[in-house]
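Chemist: Protein chains in written order, with this note's numbering: chain L, 1 to 419; chain B, 1 to 256.
No lab work stands behind these hints: they were computed from the structure. Nothing here was measured: the structure is a model prediction, and the numbers come from that model. A virtual CB, placed ideally from N, CA and C, is assigned to each residue, including glycine. Careful, some of the hints might be misleading.
[Said to hold, decoys possible] 25 Å max Cα-Cα, derived DMTMM-like pairs, lysine to aspartate or glutamate: (1) 106/B <-> 90/L; (2) 7/B <-> 107/L; (3) 17/B <-> 90/L; (4) 17/B <-> 137/L; (5) 17/B <-> 107/L.
[Said to hold, decoys possible] Okay, the calculated bits of chain B under chain L, using three or more residues with CB under 8 Å as the criterion: (6) 118-126; (7) 133-146.
Spelled out, the chains give:
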Amino acid sequence: MAAFTLGVLVGGVVAALGVTVMRRRREATTSAVLDQVDPPTGGADGNRDLLDRIGRVVDDLVNARTDADVARQRLEEALERLAEGIVVCDSAGQIVFTNRSGAGLSDPRHEDALVAAAVSQALGSALSGTADSRSVDLFGPPARIISVDAQPLGDDQAPTGAVATIIDESRLRRLEAVRSDFVANVSHELKTPIGGLALLAEALSEAGDGEEQQRLAERVLHEAHRVSRVVDDLLALGEIEGDLAPRRERVAVGELLARTRADVAVLAEASAIEVDMAPAGEDLAVVGDVVQLTSALSNLVENAVKYSGGASPVVVRAHPEDRFVRFTVRDRGIGIPRRDLDRVFERFYRVDQARSRITGGTGLGLAIVRNVVQGHGGRVELTSREGEGTTVTVRVPRAVGCAQPDEASGRAPSPQALS
Amino acid sequence: MPQETRKSFHEELDGVKRDVARLAAMVTDAIPRGTEVLLAADLEGAQVLIQGDDELDTLSLAIEEHCYQVLALQQPVAGDLRALVTALRLNSEIERSGDLVVNIAKATRRLYASSFSPAVRGIIEHMSEEATRLTRAAIDAYLDGDANLAAAIDDMDDTLDNLQRDFIEAIFSAHDDDGLDLEVAVQLALIARFYERIGDHAVNIGERVQYMVTGWLPEHTGAARVEQRRRIDEGSDLESGRVASDNGSPPADGDA
């Protein structure tokens with residue numbers, strides 16, 4: 001009777017195991033189970049031994065399941081955290097998995113809705129067996145290019161589903177545009193005046209009239225100066241970028257403003273534009289290189305004067321702000337078109353080629369400003385609207401400590417930036 | 001059990017909402033494009049936008065037919081009915097905003113070879129931003145069922161109306177002081193109207209969203225006033241009637 005019950009029990013356990021195993025499609029394990037279960041030998045010891053063996057088999061199965069679960073969980077987590085968006089659908093097109101980066105596509109609105117539609121179409125195409133690749137061009141702002149790539153899963157003829165990858169290619173495209181524009185611009189900026197010089201020199205050698213010679217010689221000088229300015233600015237830019245040990249001294253804001261005013265005096269007077277600089281607080285100072293900082297501020301004020309477009313003054317202010325000093329240069333001039341706002345800090349980027357030619361700009365001013373400011377551990381921001389004007393805000397780390405020289409050594413105390 | 005699953009009303013409504021969100025996204029992406037094309041005098045870009053409107057129309061048509069289908073087959077009532085009808089109305093408001101962007105693109109052709117002052121350009125840019133902002137806010141209100149945001153759209157639209165006035169002034173002074181061509185000035189004034197109408201469509205969307213959530217429309221207030229006036233008129237008719245029949249005795253106090 002006991003043997004019969006045990007037999008039923010064993011049979012039941014084996015059957016249950018078998019069902020479980022078959023559900024997990026582990027045929028190898030099934031035969032392993034069946035191999036391990038000998039028919040009952042009879043007697044209490046034999047039964048206990050059998051139960052032990054069954055227990056071990058069950059333990060093995062449970063462990064295998066746990067390992068597989070852990071592996072699957074790890075894989076899922078890896079997918080979840082990918083920077084690229086991943087969307088997986090089943091053969092009916094129903095979304096079965098979306099990772100975190102693709103989560104915005106679950107209940108999409110605005111730009112996400114456009115990306116979601118592209119993903120949907122790409123998945124549909126993949127489900128019919130053809131891999132699909134497309135890109136979504138979002139105007140923004142900010143302008144973005146999202147590329148969507150979908151592949152079928154399983155058999156190409158009868159896919160079990162499809163997976164779509166969503167990648168933001170905006171930065172890459174932008175860098176490509178910057179680089180190709182820069183190369184084109186720099187060769188133009190150098191070749192044009194040098195070409196002009198060659199022509200003028202030729203004309204000069206053929207000119208008979210002393211007066212005409214004089215005129216041509218002046219033109220040669222003008223063009224030579226222009227090239228010289230471009231080369232100077234390019235070199236300055238290179239120097240700032242390559243500067244491994246920039247000067248870090250205490251620079252009084254008052255002195256910075258005074259030097260800037262001196263730099264732009266000629267231009268401001270010639271343009272009859274007033275430069276309104278309020279005096280800074282006495283102890284207000286920054287940490288850095290006075291020459292570089294002056295150059296940056298002068299560039300900003302010069303731009304403001306050039307594009308001021310009328311009678312309104314250029315306003316320059318300096319205020320302490322946390323551990324920075326905030327400089328603002330504001331004009332009420334013609335402003336910068338929205339499409340150019342993202343690119344004005346690029347080297348040689350011109351909003352208006354014709355106008356820059358007249359005002360004699362090199363196209364490098366803002367690039368220099370950005371490099372100087374960033375090199376000093378600061379930030380520069382620009383806001384503008386056409387017809388209303390432009391405001392440039394520069395933040396430079398502030399110097400802490402007083403200006404009095406060290407009593408004992410007679411030297412100025414070494415400045416520290418507020419950190 | 002039948003293989004084909006009958007989608008529930010709410011699944012259908014979710015599908016409609018997604019399509020409306022997509023249609024709106026196409027338009028809010030197109031508005032700044034239209035402005036860019038106009039300010040850059042980009043004829044090629046204008047052509048792309050004008051042709052792109054066909055896609056918008058196709059989707060809009062599909063949404064409309066889907067809504068009719070759901071109405072006929074599912075016959076929703078009360079809040080569900082309001083939600084579906086709202087989607088239908090929004091569909092047409094959004095599609096009309098898309099048409100207005102096409103108008104802006106077409107104006108680019110008419111204005112080719114004209115240049116405008118930075119002040120004029122700046123206001124156009126500003127109007128474009130406001131129109132886009134309003135449309136996005138209206139769609140947010142719809143997708144979130146946010147009646148408060150929907151109610152605020154009307155006030156937000158004031159900025160756009162003010163800008164349009166500023167713009168007309170700027171055009172006048174450009175014509176008087178800077179010699180801006182009269183034909184160009186008129187075209188610019190029409191363009192300002194396009195942006196302003198996009199804003200109006202956003203306001204309409206806001207009203208419909210309020211209706212969807214609360215069952216109330218501004219027209220209800222008007223209708224309520226009509227009803228009130230009618231009651232007052234009826235009441236005074238009754239009064240004068242009583243005086244006549246009482247033959248001279250004064251009417252009782254406090255009669256309705």
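Chemist: Has the given pair, residue 17/B with residue 137/L, been kept, meaning a C-alpha gap of at most 25 Å?
Modeler: 23 Å, holds
Chemist: How about the region 133-146 of chain B: do at least three of its residues have a C-beta closer than 8 Å to a C-beta of chain L?
Modeler: holds (count 4)
Chemist: Between residue 106/B and residue 90/L, does the CA-CA distance stay at or below 25 Å?
Modeler: 44 Å, violated
Chemist: With a C-beta cutoff of 8 Å, work out whether three or more residues of the region 118-126 of chain B approach chain L closely enough for the coverage to hold.
Modeler: holds (count 8)
Chemist: For the pair supplied as a hint, residue 7/B and residue 107/L, confirm whether the alpha-carbon distance does not exceed 25 Å.
Modeler: 19 Å, holds
Chemist: Does residue 17/B pair with residue 107/L here, judged by a C-alpha cut-off of 25 Å?
Modeler: 10 Å, holds
Chemist: Given the hinted pair residue 17/B and residue 90/L, is their alpha-carbon gap at most 25 Å?
Modeler: Judged against 25 Å, a Cα distance of about 23 Å means the pair holds.
Checked against the numbered hints above, the structure breaks only hint 1 and satisfies the rest.
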